[in-house]
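Undergrad: Sequence:
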Amino acid sequence: PLIALLGGCVSVPAIEYGEPFVRAAPGDFGEATLLDSTGATVGRAILTQGATGLLIRIEAEGLTPGWHGAHIHATGQCTAPFTSAGGHINHGDPKAPHGLLNAGGPDDGDLPSVFADASGRVRAEVFTTRARIARDGPGQWLWDADGSALVIHASMDDQTSQPIGGAGDRVVCGVMAAG
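Position 73 (the sequence shown) corresponds to 155 in this note's numbering; numbering is contiguous.
It is worth saying that the hints were derived from the structure and are not from the lab. Incorrect hints may have been included.
[Stated by the list, open to error] Cβ pair distances, simulated, as ranges: (1) Gly250 x Arg126: 15 to 25 Å; (2) Asp228 x Ile128: 33 to 43 Å; (3) Thr123 x Gly186: 35 to 45 Å; (4) Arg203 x Ala107: 32 to 42 Å.
Since we're looking at a predicted model, the values are computed, not measured. Note that the Cβ used here is the ideal one computed from N, Cα and C, for glycine as well.
Please model the entire structure based on the sequences and the hints provided.
TA: Here it is, written out as structure tokens:
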């Protein structure tokens, strides 16, 4: 009976996807000290490079309870009101529109929203294939000449509308640095 089953197997040709997928060397790490608009330290983010993207662990205190948009911004500066962090990393050409759920997006700085509990505490891990801290690999390199910053907004990101998904003011910012 086993021979009869094996005889019924069909060979399926391999599918060609073009260029081989570039992988990063896992293990690089970095950190961002998260500041609120008064300059007080309210948490940190730990960045860990994986083979296919970047894992970001976010630990923060003092946010308003509820969902908050989170994004990677193009400049490693965090002077309140954090506009010094610039726009999202979005170096593609043409630039992609904002939003993980946008049919034309996402841009390279888009991340899932994070949730602050009733006491204003955030404990989250987010993963993106659109950013990296390894010298080579998939995504935008965050250790470029002007650095990058992690920004948390006052409100939830709807992941579709422009320019920032209705996420509101920038309330927490952290300059990302190699560990």
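Undergrad: Against this structure, judge whether each hint is valid.
TA: We went through each hint and held it up to the structure:
1. Gly250 x Arg126: 15 to 25 Å: Given about 22 Å between the Cβ atoms, the range holds.
2. Asp228 x Ile128: 33 to 43 Å: 22 Å, violated
3. Thr123 x Gly186: 35 to 45 Å: Check passed, 37 Å falls within 35 to 45 Å.
4. Arg203 x Ala107: 32 to 42 Å: Taking Cβ atoms as reference, Arg203 and Ala107 lie about 33 Å apart, which means the hint holds.
Of the numbered hints given earlier, the model fails hint 2 alone.
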